[in-house]
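S.K.: Given next are the chains, with one letter for each unit.
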Amino acid sequence: MNTTERERMRAALDRASAAGFLPEAAAPHPGRFVQAADTVAPAVLIERFAHELESLAGHVHRAPDVEAAVAIVKRIADDHGTRSFLAWRDDDLVREASSSLERDGLVQKPQNVALAGPERVSSLAEIGTCALGITGADFGLADTGSVVLGCGPGRGRLASLLPPVHVVMIRLERIVASLAHALAADPTLASRGSNLVVITGPSRTADIEFTLSRGVHGPREIHVVVVG
Amino acid sequence: MSRITRVQLFVTCLVDAFAPRTGLAVVDLLERLGLEVECPDGLTCCGQPQLNGGFAMEAAALARRTVDLLTVDDAPVIVPSGSCTDMIVHQYPRLLADDARYAERARQLASRCYELSQFLVDVLGLEVVDARGTGHVAYHASCHGLRGLGVRRQPEQLLDGVDGLTRVPLSEADVCCGFGGLFAVKMPGVSGAMLQRKLDAIEASGADTIVVTDLSCGLHIAGGLRRRGSRVRVVHLADVLGAEP
Amino acid sequence: MSQAPAFDRRAAAAAADAKLGEALRFTTGRLQAGRAAALAELPDADALRDHARRVRAHTLRHLGRYLDQFAVQVEALGGTVHWATTAADAVAVVVEIATRRAARLVVKSKSMLSEEIELNHALEQAGIRVVETDLGEFIVQLARDRPSHIITPIVHWTREDVAVLFRQRLGAAEQDVADIPAMTAFARRLLRREFLAADIGVSGVNFGVASTGSIVTVTNEGNGRLTTTTPPLHVALMGIERIVPTVDDLEVMLRLLARSATGQKLSVYTNIVTGPRRDGEVDGPRELHVVLVDNGRSTLLAGELAEILYCIRCGACLNICPVYQRVGGHTYDSVYPGPLGSVLTPGLHGLAAAPDLPQASTLCGACRDVCPVRIDIPRMLVALRTSSVQQGLGPGWIRLGVKAHAWLASRPRAYRAALRAVGVASAPLARQGWMARLPWPLSGWTAHRDFPAPARRPFSALWAERRRAR
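Chains as they are written, first to last, in my numbering: chain A, 1 to 228; chain B, 1 to 245; chain C, 1 to 470.
Just chain A, with the same shape it has in the complex:
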């Protein structure tokens, strides 16, 4: 850090903040926003989650148990003629699905991207060929149809980003009303790893003539398999 530059900017800022006309700045920080009522009733979390995600052209699959969930993932892999896939390693649901796919002869590619050098480029290229990415999720958000994915050891960012199809496996009890609820339940959620992403539907753009098209940089399809 360039200390002089920092000192100079900081001094200017302190003078400015004190001098400027900032409506409503006299009050202290207002604290956490308190909602008058819950956005989504607990009984309808999954219905609302499915409704929201499906309205964005995402797919929601219900599975009574792990076995059924794995079968759903296999069917999605089949439907897309998947030969290789990328998957989180430390999630028990995902591990079940990965093992099953591997038993069927599909190739699981390593998630690890080398830090530097030609290995970095080749590992990226290798991962880039996967047709399917399978991840878990920390939370599902009912009011927006989102899934919240924190990265960490065994839980890469690329599985939910590079392949054209992304499958999320999540247990029913991980679906909460909103992002605010998720943060309240897990206060270090946002900063526990170097990346947290809230994914709300498939990648999309409306830049040309305000016409929607999907899968512009991220996955074209997102499937959420809810277990329980």
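Hints should not be assumed to be uniformly reliable.
Claimed, not checked - Have a look at the derived ranges for each label pair, beta carbon to beta carbon:
| id | chain 1 | residue 1 | chain 2 | residue 2 | range |
| --- | --- | --- | --- | --- | --- |
| 1 | C | A414 | B | E31 | 27 to 33 Å |
| 2 | B | E38 | C | A414 | 19 to 25 Å |
| 3 | B | R94 | C | P43 | 31 to 37 Å |
| 4 | C | R468 | B | D98 | 29 to 35 Å |
| 5 | C | A16 | B | P169 | 25 to 31 Å |
Claimed, not checked - Now the stretches of chain B that chain C is said to cover, found in silico as 3 or more residues with beta-carbon under 8 Å:
| id | stretch |
| --- | --- |
| 6 | 9-19 |
| 7 | 23-30 |
| 8 | 53-62 |
| 9 | 77-83 |
| 10 | 178-185 |
| 11 | 219-232 |
By construction, these hints were calculated from the structure, which means they are not laboratory data. Even for Gly, the Cβ is constructed at its ideal location relative to N, Cα and C.
Here the structure of chain A is known, so what remains is to put chains B and C in place on it, guided by the hints.
M.R.: For chains B and C alone, coordinates are given in the frame of chain A:
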């Protein structure tokens, strides 16, 4: 609030110069409601063009003289313009906040100054005014009245109560007509383009008469309609309500 | 007439472009409707907006402290923070980072700030290839055009325009440009190669979280995620006002941002980066640099325009603005168009740099109504106009006319006499009470509409008569 028996009327400079009969219609209407009407001598312009043009000193001078003229008497002040009312209600207290002689009087005036339809509906509590009309009317919601004072429901409700009138919807009724005071002459290209879109909406509405609560927008729209050769007329709400049944 | 300001001349040309008019009307209409529906569905929307406004106000009052906290967190995580007072300083930091690592390819996700400091040009001068990856920005870059909206940069392009560009500049085949999904897929293939080969990813920052040192970028396409994930080095360009104190505050802003921008409940990817790749993590850049850019913001913060820094860049004020809707973004000739830009641009760079922008508004107040944090843009436009008068900018005839009018309006007797004189003078020009052609400066008015002739006798005269009669 004790029962109101007297009001002061500030017709505004535009009504004074361009539509004196609208001013008389306001007087007639208020008198028909049993109110004694006084128009203080010497009122001219509220200073809004100066303020919005960036001439704060000139605006403050006009604000001070208007405050002087309207605080001799403490009767409510009625203004048949949302824009001028907003100037008095919201801008005067700001403009004169640091003027020891005027700050308090400006706030006091602001607390008893009303746009015409706001006064009739919100203050007097009227649901309808006895009046007669014919044809199809649409209401254009002028910006300062709408966003500064929340005036829209009141004139629409009053129009709906006029015998013989049918109110039709106007698409984008709450979008600016492009007048903007000096804007219309400083930026004629933009202003003209905004006006054309307003006129298109008016002609598509099927209304034969456009009703306004601000003469400024009214004259702007009327001038545009006239240039197009349109037969749609523009009138002030007071012209409609002033017409006795 | 040639006296018209440059803004108005560009505006008239834009307004005459029917294709542009249709595109603007369609897109801004859809965005507005989306916003209105999303806000209507949001529980406690008004309270939430008030809350967000207070958070922004508080943050800016204590901006230095929150920036310190943010910088300490970023560095504790192994990132590097650079403080840049000017655009030139910021550009120099990024060019230095890139040249020191002999970078050849930079991928960028959308950053208004990078346009403000003209980063691409400087990197290209240093021999580095820069690729914009937001689809709209990619097209703008390829065509050497400029964005015309802060959310949908190519609202002024048609699909045919894009098809021609892709064929001519990228050698796209017929089937690559057959329709919008095909063009999108074509761009995806092309840009994917760039993402995987890039040496540096440069992103903007929607929000920086002081308590955690997190950087948040919000995109629908996923380019923001790729830019901050595949290259080994990530440079985040952040305006100093982008700070929020806590993750809870971030959540409040997120709840408003996408709803206000496009009517989505959340954008597709809300990407929160907290430091570079950590031990044991399998991907992500190993180096993170955050460049904190002032470039006029502290000057803005010190004055009566400070409130514009509350802005969270949703673009709702553009979509609702009747001026923007008619003339489009290019007319503003400013990185930030629309009502927001009409305050921000002269605020950052001085009135002389953008003298017309504060005048390009009717002060209708629609922008203030839709702003998620209720910024009083009209108030600041008037403040800028006042500065403009004080600095002697703007045409002399307005100054003269307004002052003369104010002088007369303070002298009722002279005022009435002048009114009568105007009445007499205009009578020969009027037909049925209207005038079709007036000399300059009122010729601007009569170019588009008739001008009313004053009544023969003003209200004041009729009223005096009536009072006498009683």
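S.K.: Would you list, in rising numerical order, the hints stated earlier that this structure does not obey?
M.R.: Those not satisfied are hints 4, 9.
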